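Novice: Construct all of the structure, not just a fragment, from the sequences and the given hints.
If you read the sequences in order, they're chains A and B.
Each residue of the first sequence is one higher than the last, beginning at 153 in the working numbering.
Each residue of the second sequence is one higher than the last, beginning at 153 in the working numbering.
Simulated from the structure, these hints should not be mistaken for lab results.
Be aware that a few hints might be false.
Once the Cα atoms are required to be at most 30 Å apart in a straight line, the calculated DSSO-like pairs of lysine-lysine come out as [what the hints assert, rightly or not]: (1) B:K321 - B:K411; (2) A:K325 - A:K253; (3) B:K450 - A:K272; (4) B:K237 - A:K440; (5) A:K411 - B:K458; (6) B:K285 - A:K450; (7) B:K450 - A:K458; (8) B:K236 - A:K253; (9) A:K230 - A:K458; (10) A:K410 - B:K440; (11) B:K272 - A:K253; (12) B:K372 - B:K341; (13) A:K410 - A:K230; (14) B:K458 - A:K450; (15) B:K410 - A:K440; (16) A:K272 - B:K458; (17) A:K253 - B:K372; (18) B:K237 - A:K253; (19) B:K458 - A:K253; (20) A:K237 - B:K253; (21) B:K440 - A:K411.
Values in this document were obtained by computation on a predicted structure and should not be read as measured data.
2 protein chains.
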Amino acid sequence: MTHLKTSVVLDFLRENQGHYISGEEISRKLKVSRSAVWKEMQYLRDLGYVIEAQPHMGYRLSSIPDKMFADEIAYGLKTKFIGKKIFSYDTLDSTNDAAFKLGEQGMEEGVCVFAESQKKGRGRLGREWVSPKSKNLILSMLLRPSLPPTEASKITLAAAVSVIQAVRKTTGKTLGVKWPNDIVCGHKKVGGILTEMSAEVDRVNFVVVGIGLNINSVSKELPKGSTSLKEIAGHEVSRISFARDLLEQLERDFLLLKKGHFETLAKEWEDFSVVSGRRVAARVSGRKIEGEALGIDKDGALWIRKDDGLQERITAGDVECQWK
Amino acid sequence: MTHLKTSVVLDFLRENQGHYISGEEISRKLKVSRSAVWKEMQYLRDLGYVIEAQPHMGYRLSSIPDKMFADEIAYGLKTKFIGKKIFSYDTLDSTNDAAFKLGEQGMEEGVCVFAESQKKGRGRLGREWVSPKSKNLILSMLLRPSLPPTEASKITLAAAVSVIQAVRKTTGKTLGVKWPNDIVCGHKKVGGILTEMSAEVDRVNFVVVGIGLNINSVSKELPKGSTSLKEIAGHEVSRISFARDLLEQLERDFLLLKKGHFETLAKEWEDFSVVSGRRVAARVSGRKIEGEALGIDKDGALWIRKDDGLQERITAGDVECQWK
Chain A
153 MTHLKTSVVL DFLRENQGHY ISGEEISRKL KVSRSAVWKE MQYLRDLGYV IEAQPHMGYR
213 LSSIPDKMFA DEIAYGLKTK FIGKKIFSYD TLDSTNDAAF KLGEQGMEEG VCVFAESQKK
273 GRGRLGREWV SPKSKNLILS MLLRPSLPPT EASKITLAAA VSVIQAVRKT TGKTLGVKWP
333 NDIVCGHKKV GGILTEMSAE VDRVNFVVVG IGLNINSVSK ELPKGSTSLK EIAGHEVSRI
393 SFARDLLEQL ERDFLLLKKG HFETLAKEWE DFSVVSGRRV AARVSGRKIE GEALGIDKDG
453 ALWIRKDDGL QERITAGDVE CQWK
Chain B
153 MTHLKTSVVL DFLRENQGHY ISGEEISRKL KVSRSAVWKE MQYLRDLGYV IEAQPHMGYR
213 LSSIPDKMFA DEIAYGLKTK FIGKKIFSYD TLDSTNDAAF KLGEQGMEEG VCVFAESQKK
273 GRGRLGREWV SPKSKNLILS MLLRPSLPPT EASKITLAAA VSVIQAVRKT TGKTLGVKWP
333 NDIVCGHKKV GGILTEMSAE VDRVNFVVVG IGLNINSVSK ELPKGSTSLK EIAGHEVSRI
393 SFARDLLEQL ERDFLLLKKG HFETLAKEWE DFSVVSGRRV AARVSGRKIE GEALGIDKDG
453 ALWIRKDDGL QERITAGDVE CQWK
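Specialist: What follows is the structure, encoded as structure tokens:
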């Protein structure tokens, strides 16, 4: 577990990025001793910050580490509640489990948990989620929506829209979504969303939205049939800047959901959907349903027109597209 | 927290209930020292067991304490999985929270948590559940059903049937159920069921069923409009023996549910329902729906025929019967 302690020295260096500032000036303006300034520089360098030091000129921040430090993600983040509190870890068993515990402890809506790697990362239905260390995005977010459990799937769909919009902003590329929770590029998987909840029968206590997205990994490091933003965009992507964009987009979309505008999100979702209008095969508790995917309804369930003309509503299970 | 350690001496006394057994015989048969036997008698007496001792005759168990000790409930319990592991506590914040933690820890299905009192007992929708200490039943049970969250309400309905059947066996009286989770006698509340779950959008991880039932409390100790089995039956009810009957009935009903026979339970539920066929007023997220309650459907939702002839399906909220 690596936490970056809130560092006023770092804030000061950031504000003067590109310029040298003397140790004396830092010491005077922040009212700390010269030796405290020196110790802080060492601490920041140990974390991976590149701080140049020149005699008679002072210190200059020349690069920040490629680490999902809470403090870095929060720096310049323009949100009201998503990510107002961020916990970041080097390794966790599961960010969803960690966020779930925060939910049980009564932590407020919008708290985010990031990790560089997970020991027991999970996908849907208890499947494993594999993500090479410090390459990708692993995020779980606590929400407290006023929804019955039957409508929790709306949150997965909203999060998928947020991910695709944030990726578009960062890379200019438009990914697809494969019902219910896969983020894809053509046939290849780029990410997934795992929504879990603590609920009464007719009321959600809280929801944890887990998002795993391949950012700077390459195919050979990933499970078969996967790709990453780096491969799609043709260049590395700043994980921190992407995380900020994503949190801002998530806030926009969850506010829409809270205000009852799910149909706006559903329309965006349909635009990104790789299943709608395609021939699909769905597996629902051992049964196979084949036909044309028609789209999602107001609760986020998928409708399939079967070959016998009957329409069936799917709320669980897996869907495979039949590509021509 | 009071746990009864598993006591071979107690088992020996129980097997010989009504007869004196000499300390020497106990010591010889159980292969423990005379002083260990004496210490064990003191331990059991401290817990409230009445053990008579007569010179030249030995010890005799003449009564057991009115406490929900795990060991007492388990003694003679005829179940396969419900209550094969029981935790009992003097005081807990909430038995549902304790059972939820056991669920997160991967504990097996059927684990039961009993408490004499709760500091933060909850009813549905975050309401308070009040139960005077050591008078009533407070039980939470861990289940791992293969259900989507949309069908979790079936578990509440099944548990209501179990409670009413167990009460009938113990007292000969038939209580009623007021949708979705109140156990009632006429207009008065006798108990309630709080079903909570950890779930993905389309799969339940585990369910905790909390049951609170007024057994030996009297009205003046209880919230307004409540009564107890003691008041209904006209005599005290053995809480331990009732708990055993309840666990056995719960197992029967959950096996029915697991085997897909919800309609059998739904039929029993309808027989006990005080709302079906009656004029009701339901409050659903601020809206009031008045009309005749028709009954529950295959997912446990309540149907109401409104005054304009339209039928509405209710999955959440509160229902008040309009008594004539």
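Novice: Hint by hint, say whether it matches the structure.
Specialist: For each hint, the structure was consulted:
Restraint check for B:K321 and B:K411: the C-alpha separation of about 24 Å stays at or below 30 Å, so the hint holds. Annotation: proposed proximity of A:K325 to A:K253 is violated, straight-line Cα distance about 35 Å (limit 30 Å). Under the criterion of a C-alpha separation no larger than 30 Å, the hint pairing B:K450 with A:K272 is inconsistent with the structure, at around 37 Å. A distance of roughly 39 Å separates the Cα atoms of B:K237 and A:K440; the hinted pair therefore is violated under the 30 Å criterion.
A hinted pair counts as satisfied when its Cα atoms are at most 30 Å apart, and A:K411 with B:K458 qualifies at roughly 28 Å. Distance check on the hinted pair: B:K285 and A:K450 sit about 47 Å apart at the alpha-carbon level, beyond 30 Å; violated. Restraint check: the Cα-Cα separation between B:K450 and A:K458 comes to about 24 Å, which is no more than 30 Å; the hinted pair holds. Of the pairs offered as hints, the one joining B:K236 and A:K253 holds, with about 28 Å between alpha carbons and a cut-off of 30 Å not exceeded.
About 46 Å separates the Cα atoms of A:K230 and A:K458, which puts this hinted pair outside 30 Å; it is violated. Proposed proximity of A:K410 and B:K440 is supported: the alpha carbons are some 22 Å apart, at most 30 Å. In summary, the hint linking B:K272 to A:K253 is supported, as the alpha carbons are separated by about 19 Å, within the 30 Å threshold. At roughly 13 Å between alpha-carbon atoms, B:K372 and B:K341 fall within 30 Å of each other, so this suggested pair holds.
At most 30 Å may separate the alpha-carbon atoms for a hinted pair to count; A:K410 and A:K230 meet this at roughly 19 Å. Restraint check for B:K458 and A:K450: the C-alpha separation of about 24 Å stays at or below 30 Å, so the hint holds. Between B:K410 and A:K440 the CA atoms are separated by roughly 22 Å; this keeps the pair inside 30 Å, and the hint holds. Between A:K272 and B:K458, the direct Cα distance comes to roughly 51 Å. Violation of the 30 Å bound is thereby established for this hinted pair.
At roughly 39 Å between alpha-carbon atoms, A:K253 and B:K372 are farther apart than 30 Å, so this suggested pair is violated. Between B:K237 and A:K253 the CA atoms are separated by roughly 25 Å; this keeps the pair inside 30 Å, and the hint holds. Pair hint B:K458 plus A:K253 does not hold up; C-alpha atoms about 43 Å apart against a cutoff of 30 Å. Taking the CA atoms of A:K237 and B:K253, the gap is near 25 Å; set against the 30 Å cutoff, the hint holds.
The hinted pair formed by B:K440 and A:K411 meets the criterion: a straight-line CA distance of about 22 Å does not exceed 30 Å.
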